[in-house]
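**Student:** Per the numbering used here: the sequence shown = residues 1 to 103.
In short, the hints are calculated from the structure, not lab data. A portion of the hints provided could be inaccurate.
Pair ranges (Cβ atoms, derived) [to be verified]: (1) 71 with 28: 14 to 20 Å; (2) 58 with 92: 25 to 31 Å; (3) 80 with 40: 34 to 40 Å; (4) 10 with 59: 20 to 26 Å.
We put the CB at the ideal spot given by N, CA and C, even for glycine.
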Amino acid sequence: MSTEFDYFGDPKVGKLLDLVLQLSTELHVTRQRVRVVEALLTRSGALTAGAVDGFVSTEEEQKVLDRERDELLARLMRILTEHGPAEHPLRDQWEAALSEKTG
């Protein structure tokens, strides 16, 4: 990590901060979108207020929810496990992913 981006003197703390910031961004965007969708559906009469709280998923819906949860956790874990300089921390992982697609 270059000293320009080393705010805490410990790369592990920097990675933890990156993780917290990513989680905060994900949570903010998700909450905003859920509120907008609920408001639009309630306004149109397609959903009654509070209906989301009583939702019970089907088996297929639960599979989608589980897959999306796992994908989110994988993105967050990548933040903790990435390596390389702060200017391009995922370069090695990016190059490996590209070689898998072309190889």
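**Student:** Each hint: holds or not?
**Tutor:** Here's how the hints hold up against the structure:
Range check, residue 71 to residue 28: about 18 Å between beta-carbon atoms, so the 14 to 20 Å window is met. Separated by about 40 Å at the C-beta atoms, residue 58 and residue 92 break the suggested range of 25 to 31 Å. Checked against the hint of 34 to 40 Å, the pair residue 80 and residue 40 passes, with Cβ atoms roughly 36 Å apart. Between residue 10 and residue 59 the beta carbon distance is about 45 Å. The supplied range of 20 to 26 Å is therefore violated.
Taken one by one, the earlier hints fail for this structure at numbers 2, 4, listed in ascending order.
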